[in-house]
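Given chain A, put chain B in place with the hints provided.
Take a look at the letters that make up each chain.
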Amino acid sequence: MTKSIDSTGRAGRNFLLDLLKQKEMGVFLALVAIVAFLVCKTDSFASKDNLFAVSRQIAYVAIVALGIFFVIVTSGIDLSVGSLVCLSGVICALVLQGGHHPLLAVLAGLLTGAVAGAINGLLVSYVGVTSFIVTLGMLSVAKGAVLVLTHGDSVRGSTEQFSTFLDFGKRTFLDGRLSMPVVVLLVLAVICYIVLRYTVFGRRLFAVGGNEQATELSGINVRGIKFFSFVIASVASSIVGILYIFQYNSAQSSAGEGMEMDAIAAAVIGGTSLLGGQGSVVGILIGAIMMGVIRNGLVLMKVDAYWQKSIIGAIIVLAAVIDILRSKRK
Amino acid sequence: MSMPLLEMREISKGFPGVQALKNVNFSLSKGEIVCLLGENGAGKSTLMKVLTGVYPEYEGTVSLNGETIRFRNTRDAFEKGVSIVFQEFNLCPNLSAMENLFLGNENRSLPGFISYGATRKKAVEAFRKLRMEIDPDALVKDLGVAQQQMIEIAKALSHDTKILVMDEPTAVLTELEAKNLFDLMRELKAQGMAIVFISHKLNEVLAITDRVVCLRDGENSGEACTREIGENDLVSMMVGREIDRFYSKRAGQASSEVVLDVRNLTGRPMTRNVSFKLHKGEIVGLAGLIGAGRTELARLLIGAEKVTDGEIWLHGEKVSITHPKHAVARKIAYVSEDRKKYGLVLPMTVRENTTLAVHSRVSNWAGFISGSKERTLTKDFIERLRIKVPHAEEVVNNLSGGNQQKVVLAKWLAIAPDVLILDEPTRGIDVGAKAEVHRIIADLADSGVAILVISSELPEILHVSDRVLVMHEGRMTADIPRSEANEETIMRAAVA
Numbered sequence: 001m002t003k004s005i006d007s008t009g010r011a012g013r014n015f016l017l018d019l020l021k022q023k024e025m026g027v028f029l030a031l032v033a034i035v036a037f038l039v040c041k042t043d044s045f046a047s048k049d050n051l052f053a054v055s056r057q058i059a060y061v062a063i064v065a066l067g068i069f070f071v072i073v074t075s076g077i078d079l080s081v082g083s084l085v086c087l088s089g090v091i092c093a094l095v096l097q098g099g100h101h102p103l104l105a106v107l108a109g110l111l112t113g114a115v116a117g118a119i120n121g122l123l124v125s126y127v128g129v130t131s132f133i134v135t136l137g138m139l140s141v142a143k144g145a146v147l148v149l150t151h152g153d154s155v156r157g158s159t160e161q162f163s164t165f166l167d168f169g170k171r172t173f174l175d176g177r178l179s180m181p182v183v184v185l186l187v188l189a190v191i192c193y194i195v196l197r198y199t200v201f202g203r204r205l206f207a208v209g210g211n212e213q214a215t216e217l218s219g220i221n222v223r224g225i226k227f228f229s230f231v232i233a234s235v236a237s238s239i240v241g242i243l244y245i246f247q248y249n250s251a252q253s254s255a256g257e258g259m260e261m262d263a264i265a266a267a268v269i270g271g272t273s274l275l276g277g278q279g280s281v282v283g284i285l286i287g288a289i290m291m292g293v294i295r296n297g298l299v300l301m302k303v304d305a306y307w308q309k310s311i312i313g314a315i316i317v318l319a320a321v322i323d324i325l326r327s328k329r330k
Numbered sequence: 001m002s003m004p005l006l007e008m009r010e011i012s013k014g015f016p017g018v019q020a021l022k023n024v025n026f027s028l029s030k031g032e033i034v035c036l037l038g039e040n041g042a043g044k045s046t047l048m049k050v051l052t053g054v055y056p057e058y059e060g061t062v063s064l065n066g067e068t069i070r071f072r073n074t075r076d077a078f079e080k081g082v083s084i085v086f087q088e089f090n091l092c093p094n095l096s097a098m099e100n101l102f103l104g105n106e107n108r109s110l111p112g113f114i115s116y117g118a119t120r121k122k123a124v125e126a127f128r129k130l131r132m133e134i135d136p137d138a139l140v141k142d143l144g145v146a147q148q149q150m151i152e153i154a155k156a157l158s159h160d161t162k163i164l165v166m167d168e169p170t171a172v173l174t175e176l177e178a179k180n181l182f183d184l185m186r187e188l189k190a191q192g193m194a195i196v197f198i199s200h201k202l203n204e205v206l207a208i209t210d211r212v213v214c215l216r217d218g219e220n221s222g223e224a225c226t227r228e229i230g231e232n233d234l235v236s237m238m239v240g241r242e243i244d245r246f247y248s249k250r251a252g253q254a255s256s257e258v259v260l261d262v263r264n265l266t267g268r269p270m271t272r273n274v275s276f277k278l279h280k281g282e283i284v285g286l287a288g289l290i291g292a293g294r295t296e297l298a299r300l301l302i303g304a305e306k307v308t309d310g311e312i313w314l315h316g317e318k319v320s321i322t323h324p325k326h327a328v329a330r331k332i333a334y335v336s337e338d339r340k341k342y343g344l345v346l347p348m349t350v351r352e353n354t355t356l357a358v359h360s361r362v363s364n365w366a367g368f369i370s371g372s373k374e375r376t377l378t379k380d381f382i383e384r385l386r387i388k389v390p391h392a393e394e395v396v397n398n399l400s401g402g403n404q405q406k407v408v409l410a411k412w413l414a415i416a417p418d419v420l421i422l423d424e425p426t427r428g429i430d431v432g433a434k435a436e437v438h439r440i441i442a443d444l445a446d447s448g449v450a451i452l453v454i455s456s457e458l459p460e461i462l463h464v465s466d467r468v469l470v471m472h473e474g475r476m477t478a479d480i481p482r483s484e485a486n487e488e489t490i491m492r493a494a495v496a
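As you go down the protein sequences, you meet chains A and B in turn. Going by the numbering used here, the residue at position 29 of the first sequence is 29; the numbering climbs one at a time, nothing skipped. Going by the numbering used here, the residue at position 208 of the second sequence is 208; the numbering climbs one at a time, nothing skipped.
So that you can see chain A by itself, here it is in the shape it has in the complex:
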């Protein structure tokens, strides 16, 4: 047997060198540079309060992005995640408001996402409508449901159960440095990493995105895989919807607006291919952090608020352009 066959290519001779060759490395270095710049140029970026707020904001986007990644990796798209953040939060808050046990409320919130995701998945996988249209419709349906339920108001808590719920969620960790959303994100990121990398389901997600027909012909239930990817994306949104209540003491009827864009952007910046089959949890995290830090940086640098949106948009497109150029050079 030759040595070349024996080596797996991953068993690194030089760990650091392998690390540098990772696809996510470019974005990571850019992120380090931006953070370094902000630490030097602003007084407040590295402050405990700012980092607490920024990391919480990043966690919301990152959790939604992790969920949507399951859909994107199979070469689908889910535009309904932002609306489902909102609807799930509202349902959760309404159940609390009705005086039910917090656990039941959380369950109801998660179930909202699961049902909506199952509808998305059913229409895409089994009926065969394109995911863009299905989830665009779901975006509007969910938003409409929120308005019906809240009349555009927020759902505020007055019950004992609501207080118990908020007390739990407002807990912080590491001497007040980490918020609940960040802890939840870390747990979910580890789970996603393991699922995507080490399980049959994870492998099949990438296979579907890489070549759907070959995967189906290999005896794999492609429809089932796609169906579950939508359920996962929606449940991730529900989690964020519930976490939002902790921060605002209420479920806002405008929560999660435009979140789908931030999540897709975080994925793309982190090296996820919208054509499917490519991307990683680490990339998603880096992408989400990048988005959060740049947003925060623009505020701290006192950039005109009107300009911020345009700058963020330009950065997203730039990331996609860089990605294309890099893959073309290969």
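Each hint should be verified, as a subset may be incorrect.
[Claimed, not checked] Rough simulated footprint, nothing fancy, chain B against chain A, three-plus residues with beta-carbon under 8 Å:
#1 113 to 119
#2 190 to 204
#3 217 to 223
[Claimed, not checked] Which chain A residues stay away from chain B? Per the calculated CB distances, all over 12 Å, these:
#4 Val-35
#5 Leu-51
#6 Gly-98
#7 His-100
#8 Leu-107
#9 Leu-149
#10 Leu-166
#11 Leu-186
#12 Met-261
#13 Leu-275
#14 Arg-295
It should be emphasised that the hints constitute simulated quantities derived from the structure, not laboratory data. What you are looking at is a predicted structure, and each value in this text was computed from that prediction instead of being measured. Every residue, glycine too, gets a C-beta built ideally from N, C-alpha and C.
Frame of chain A; chain B shown alone:
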């Protein structure tokens, strides 16, 4: 002898994993029709792509009228008088004949505005020159194949063309249409044009060309004046001495045990009332013309298409297969004709592709994949099938065609199939890899696998099969034992 119009000297061109051309020489004189002959993958297309500027990077020299030249792109080649009519037409079906004719070279009235009057006039003129009656306003999608081809030719001739390359122009034509095309070619020749004619139809080559240049494995393998040779000479030029190595007989014998028994199978999109049996350890060839419904039959057998009537029996038991996963569970493997489209997940590694159909075998009860089980399995197949890869983590997109085909084979052999259906198993891979694939097929049959080989290459069918089935328009038209199988018996069943 006068100076040749075109002289290609010592042309070499390599791609990752394969040397497509090795020091190939090719020349062309004014008013000459030269056939470029060779098997699939011999390097004909690559040579023509060098000539027409598709590949501006190559070794060697190309000279036109004695002047060394290097075409930067197809446009450049076209403007200097080299045009090509591809096998697959590059027409926009939703545009009209005349719009297609002048696409990229529009007749303008004001800047940016198309003058339809001038376009129509010029189009009518161009078509008349080719003695072709085409309504310039007809949409291309409504025209026949021959007319579409004429538009391509008219387009190729719309500049001051000195060299015209025609890649299998008669493949899609009826006999009469082909005859008209030959008349046109003779006329162009009389006008002094040099034509490169690529065709697999040997009688046509003998009828229309002045000279034959043959390639094999990317090298010159013969050249002759057409007048002085016959079909047999052409075949031996193409195939060479390889023929002995190819046609080695197999040691094993098929048993009488029936593995797969297909009874009156009918299904979408075109399979009609097909019955046949496959025995243990038997290699059965499935011949037929392109479009005879062989791939459709295979897809029906693995549940990728819907069965509307008939039965499939496996090991004496009636089975229902409605999804490829049922076929995999029943140990029926199908290696498709298009490995990139239906066989491989290109961005994934050799390891991940090899285990794609056997996830249950390399994972535990909780659905976690065992990396070590995967690596062991992959390593076994890399050695057994002699897949040439640096390591199991190589992305399959980077492999040569032959090695990619072996990875697809590995994926299917991993399910330990009882029935193996191979659809054009050696399409687009080089001769060496081809012989290896044939060896693997024979070994598998010897180990008891029942094998169905779909191939459009008759020599391949005749070489590997113990028995030959022939299909025509979705029906089974013949079941020929090895002793009676030859090109003639097969072709007769394939056309009737």
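May I ask which of the numbered hints given earlier this structure violates, with the numbers listed in increasing order?
When the structure is compared with the hints, numbers 1 and 13 turn out to be violated.
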